[in-house]
Each structure stands twice: as structure tokens, then as C-alpha cells.
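There are 2 protein chains.
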Amino acid sequence: MTAPLKYSDAGVSIDTWNTVKGRIGELVASTYNSHVSGKFGQFGGMFDVSFLKGMDSPILVSSTDSVGTKVKIAFDTKVYNSVGMDIVNHCVGDILVMGARPLFFLDYIGINKLIPEVAEQIVEGLANACRMNDCVLIGGETAEMPDIYGVGEFDLVGTIVGVVDKEKVIDGASIRAGDVVIGLRSSGLHTNGFSLARKIVTEVGKKKYSDIFEDGKTFGQTLLEPHRSYIKLFPLIDKGIVKGCVHITGGGFVDNIDRVLPLDCDAVINTGAWTPLPIFQYLQKTGGVESAEMYRTFNMGVGMVVIVAQEDADSILRDDGVAGFEPVVIGEIVPGSGSVKI
Amino acid sequence: MTAPLKYSDAGVSIDTWNTVKGRIGELVASTYNSHVSGKFGQFGGMFDVSFLKGMDSPILVSSTDSVGTKVKIAFDTKVYNSVGMDIVNHCVGDILVMGARPLFFLDYIGINKLIPEVAEQIVEGLANACRMNDCVLIGGETAEMPDIYGVGEFDLVGTIVGVVDKEKVIDGASIRAGDVVIGLRSSGLHTNGFSLARKIVTEVGKKKYSDIFEDGKTFGQTLLEPHRSYIKLFPLIDKGIVKGCVHITGGGFVDNIDRVLPLDCDAVINTGAWTPLPIFQYLQKTGGVESAEMYRTFNMGVGMVVIVAQEDADSILRDDGVAGFEPVVIGEIVPGSGSVKI
Chain A
1 MTAPLKYSDA
11 GVSIDTWNTV
21 KGRIGELVAS
31 TYNSHVSGKF
41 GQFGGMFDVS
51 FLKGMDSPIL
61 VSSTDSVGTK
71 VKIAFDTKVY
81 NSVGMDIVNH
91 CVGDILVMGA
101 RPLFFLDYIG
111 INKLIPEVAE
121 QIVEGLANAC
131 RMNDCVLIGG
141 ETAEMPDIYG
151 VGEFDLVGTI
161 VGVVDKEKVI
171 DGASIRAGDV
181 VIGLRSSGLH
191 TNGFSLARKI
201 VTEVGKKKYS
211 DIFEDGKTFG
221 QTLLEPHRSY
231 IKLFPLIDKG
241 IVKGCVHITG
251 GGFVDNIDRV
261 LPLDCDAVIN
271 TGAWTPLPIF
281 QYLQKTGGVE
291 SAEMYRTFNM
301 GVGMVVIVAQ
311 EDADSILRDD
321 GVAGFEPVVI
331 GEIVPGSGSV
341 KI
Chain B
1 MTAPLKYSDA
11 GVSIDTWNTV
21 KGRIGELVAS
31 TYNSHVSGKF
41 GQFGGMFDVS
51 FLKGMDSPIL
61 VSSTDSVGTK
71 VKIAFDTKVY
81 NSVGMDIVNH
91 CVGDILVMGA
101 RPLFFLDYIG
111 INKLIPEVAE
121 QIVEGLANAC
131 RMNDCVLIGG
141 ETAEMPDIYG
151 VGEFDLVGTI
161 VGVVDKEKVI
171 DGASIRAGDV
181 VIGLRSSGLH
191 TNGFSLARKI
201 VTEVGKKKYS
211 DIFEDGKTFG
221 QTLLEPHRSY
231 IKLFPLIDKG
241 IVKGCVHITG
251 GGFVDNIDRV
261 LPLDCDAVIN
271 TGAWTPLPIF
281 QYLQKTGGVE
291 SAEMYRTFNM
301 GVGMVVIVAQ
311 EDADSILRDD
321 GVAGFEPVVI
331 GEIVPGSGSV
341 KI
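Protein sequences, first through last, are from chains A and B.
My numbering applies: residue 1 is where the first sequence begins, and numbers increase by one.
My numbering applies: residue 1 is where the second sequence begins, and numbers increase by one.
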């Protein structure tokens, strides 16, 4: 006679979740502001948007994404808070480029087995980044799926919702030949190109993530460097001089800048205008990667691009709020057909 | 000499995505309504909520989830549209229980390798369900991660945002002893309990998904039966007589109904009030699963529960709009401590 089957026999433990939800509830609550209605643990997160009535035409801008295979480095190094920060800051960037400020964020962790310390570290990173961006962590889900995810592995997905008044949407429509393309520094790879980067570092370069890179940090630390938040660009955005704003994510320069270009303009990027971060130089040299492929895969040290009129460029380059992002002119807009020339 | 490394060498193809995005764009656009602002392929999806200004205190209600390991059956049977419908209808249920109507939805597909036919089938299911629920598919992301997902495998995650006026939020606060618990039929397992169900069917029952179940369909078809949408409950919800509404999801009856109970009430569920769908009877018998475990893991044929005052129960049981869900009294509210007795 066999014992009766229980849900936990299939690898899913409801009780483990009940153990960690207290600590996770505290972290989540640390992101709450006065707009939060309801309480942790309901079917849906509730966010009061009565304040939108003060806007002319409020537009909700939303985006969903994961940190990609950056999680593989988290698995190997057992550092999990940085990917939590990554996904929030990445999503913030995706709606900021349209002029939208974040309202709230939801996370999804699909995981082999719910390990309390891992879940808490991830949520700690999420909550820290949410607080920094004044974005409420309004909901989330952790799904144990031992048949989908490998031992010690997970995928981390985030969804953000923000708002912008319709007349302030940044959509690139006013971009004209003669405009200036300004690059703002990234902190590292952010969340893109990790499949290739991991292959180069571990297979071609034969490095371990605990080996020391030339910047004095380990390869693991350098690769896991959290995605920078560009939330501090808002005073600049509020001035209304940003014609186009581009988050350099998957697809690099080529497949992102074209998303804001009018059909009669090209962007010409002068890659000599800045020096890529050392990790990108290492990846290119070690992997023997062609330049065009590098700029189509990685951010190369430029995580965000703003396009402004010539007469506004100087004020941005000298703007105190933007100073931390080390702005530099990296190209110009010329007559063309909506494409990007590197 | 080795060839220079490219991003596609690491298993990620930007070109494949460029091939499928046309068809996917069409499916996505089929869900659009007059609130959609902007166009497909921007960094964030734009949804105009100017109409919220007509509400007293609009509350955005959001939720994120996956279909769990139901996807494993999709992999085995190579039927992918039903899980697309599942995740939309599941999310609709999670915010409907709070009184919120869906506005828009975002999907995330983390996948081993982007196979155009698979992605298109999934998005077809998403788009069909979105249209049925008058919910815009405003954004999404497909991430190829061959190092995270097995060959032919993926995880499917959805996020929904809906709205309810604050005074119409259903939160269970008015539930009192003497109220009636009404169950509405599910179409099958919906999205929960699949880790255990798969184990019982394939390992204990030694069945293939192509084998015929007693309902005349294959096990695969019966298990993949899409999650029902309860959107048609809104005329009833709008009457303001629903005191509590519960989506029977992960945690079954025990860990869901308690989410709406006041601390001085218990819900007593009479499992003899309805006959579980044949698939649940098969799972219990074949797996030798104890009854308590069944009602903690599966919906047992009841996908949604509404709690109303005694005097309103009859009108609901006779309501034409609710008729399709075969409503039946399955229990009552008694003095207690916020727990559920099966």
C-alpha cells in the first residue's frame, strides 16, 4: 500500500510560502505610499488613481520584461538582490523614455523550489529599487515549478505601470535633421547581452565568476552590476526639451534608436565619442566579436539616449541633474529613412 | 582561427523575432479599442484613461500570474492556444473578485527558442481571450533563454490592470453570519494543481495525453480545457449585492475563501452540494488523494465563489446572466475566526 499523494509530493509546497510571506510582506509594504488601497495578500493590488483627475489626458504606460539570462550569474554567485534591482530599473527606463513616471510594479518569480533566503533577497532588491523610483510594489507571484526550472534556478519577470499626460508623451515625432544625440552612461551590461557575455567569459575566456577582472571587482560583481535608474532625468524631461528618448536594451543601438526616428531621419552614431566600459572592451577582444555585432547586442556603456535640438544640447550637457550620467554628444540626426548608422 | 562570435551563436536570434512580429502585431491590434494610444513596438504600451475622470475614486486593480505547469501539457500535446486563453481568463478572475473590470493585459513568454508557430498560437489564445473580456493586449515580451528553459519549453506570465470605483470594491467586509456561499462552475482544472494532476495521470495512471478519458475527449484535451472567463458576472456585480467574491485558484477552497472572510466569520463548505467534474473524481481515485488535500489543491468543479445575503441568494440562483455558470449553494457563513471548514 502506498501513502496517499499530496500536492507537496509533486514538488510544490504551499506551507513554505506561508513561512516567507511575512518577511516578504514587510519588504513589499516598505514601498507603499498614500495611493495604496487594500492590503497585502489580496487577489489584486489596489492603487488609487483619483489624482489622475487633475491631469488633462492621463495615459497609462506599461511594460513587462525579464532580466534575461543575467539570472544565470545570480545562480552561480548566489547573489540575488541585484537582479531584483535590475528588473525594476529596467522597467522604469522602458516607460521613462515615453515620458511616463512609474506608479506601481508587479513581479513574477517562476522558480524550481521556493527557497526563503533566495526569495527574500530578490524581493529586497525589488523593494529597494521601487523605493528609489517612488514606485509601489503592488503585487507579485511566486510559482514553484520544479518541472520547468532547473535546481537553484528561476526566471524573474516584472511589469510596470506609469503615467504621463498625453501632451507630454515623448514619441520622437518632432525629431529633425540637425538634432543632437546625447548618450548617458550605463553602469554595466544592464540586462542585455548576457547569453553572449557569459559564453565569452566562461567558455572563451575560461574565467570563473570569482576571478578578478581588471576593474578590481570579480567578473561576477562586474557582470551583476545593477541596471542604473534614470529616474533623475525627470526634471529635464519636465522642461519639455527632450524630443526623443531611447533605452538601449536588447538590440543595442541599431534596434532601439530606430524606434523613435521619424521616417525621414537617420541617426548617425559616432562610436569614437565615448570609451566603452572596460567589460565591453574585454568582451569584444576576448570573443573576437565584430564591432557591428557589439553595438547591436550591448549598450557599450551608454544606457540611455536623449535627442534634443542643437540649441538645447549645451544646457543638458551642463545640467546638474544629468551630470551623474556623464552626458556626451554621441551623434546627430541627418536626413534619411528612419535607420541608425553606426 | 575561429569565426567571430555573434549573439545568435549564444542561442538568441533577433532576426527570428523580426520575422514573427508582423503576425503577432496583427493579433495584438485585434484587441485594441479606442483607449489605445501609440502604436505596436514602442517601449511601453499606452492606454488613455481620461475616462477615469468620470469616476468618483478610481482604483486600479492589478495582478500577475502564470498558468503554472499546465504548460507542460501544452508542450506534450503541441497545443498552445489554450494556455494563452488560460492566463488572460485567470487574471480577469483575480481582479473581478475585487469588483474590477479589465482595462489591459501584458504577456511575457520566457522560452527556449522562439518558434514562430508556437508564439503565434500562444498570442492567438491571448488575443482571443482579451477580445472576449474587452481587455486590450497592450504589451508583451518574448525572451529567448535556451539556458533557462528546456527544448520546446516556455513559461507564460500575464499581468492585468483593471479599474473599480472605490465605493464598489468587493472586499468581504460586509460578510455576516447567515450569508450564503454560492459556487459557480469551473470548466476544468483551470490553472491550478497541474504538478499533482500530471503526476497522477502519467505516473500513477500510466496514461498518455492522447489516451481517451471517460468524457470522450483525450486526457490532454480535458486537462487543457481553457480557464473559464467569469466576465459575464458584471451585471450581477453591478447590482451591488455581492459581498464577497473568491477565485478558487492555488490553495483551493481553504487558502482562498479565507482571503475575504472577516475575522469573526467562518465559511462552512458542504462538499456534498455539488458533484466534482469527472476529471477530479478520476484524479482523487487514481492518486488515492485524501479529500482534504483535493479541496486544498483543486477547484473541484467550482471556479468562482460569491457570498451574498440570504435574501439575495434566490435571485442569483435564478439570474439569467449567471445561469451559464450553473450556480449552486455550496455553504454558509457562520460565527467563527476567519477560517474555512470543508
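Heads up, some of the hints might be wrong.
Repeated chains share a single entry, so a pair holds when one copy, or any two copies, can fit it.
[To be verified] Okay, derived cross-link-like pairs now, DSS-like style, lysine-lysine, Cα gap no bigger than 30 Å in a straight line:
id, residue 1, residue 2
1, Lys-72, Lys-285
2, Lys-166, Lys-78
3, Lys-53, Lys-341
4, Lys-341, Lys-232
5, Lys-206, Lys-285
6, Lys-166, Lys-217
7, Lys-78, Lys-206
8, Lys-113, Lys-232
No wet-lab data here; the hints were simulated from the structure.
(message) Please list, smallest to largest, the hint numbers that this structure does not respect.
(response) 2, 3, 6 and 8
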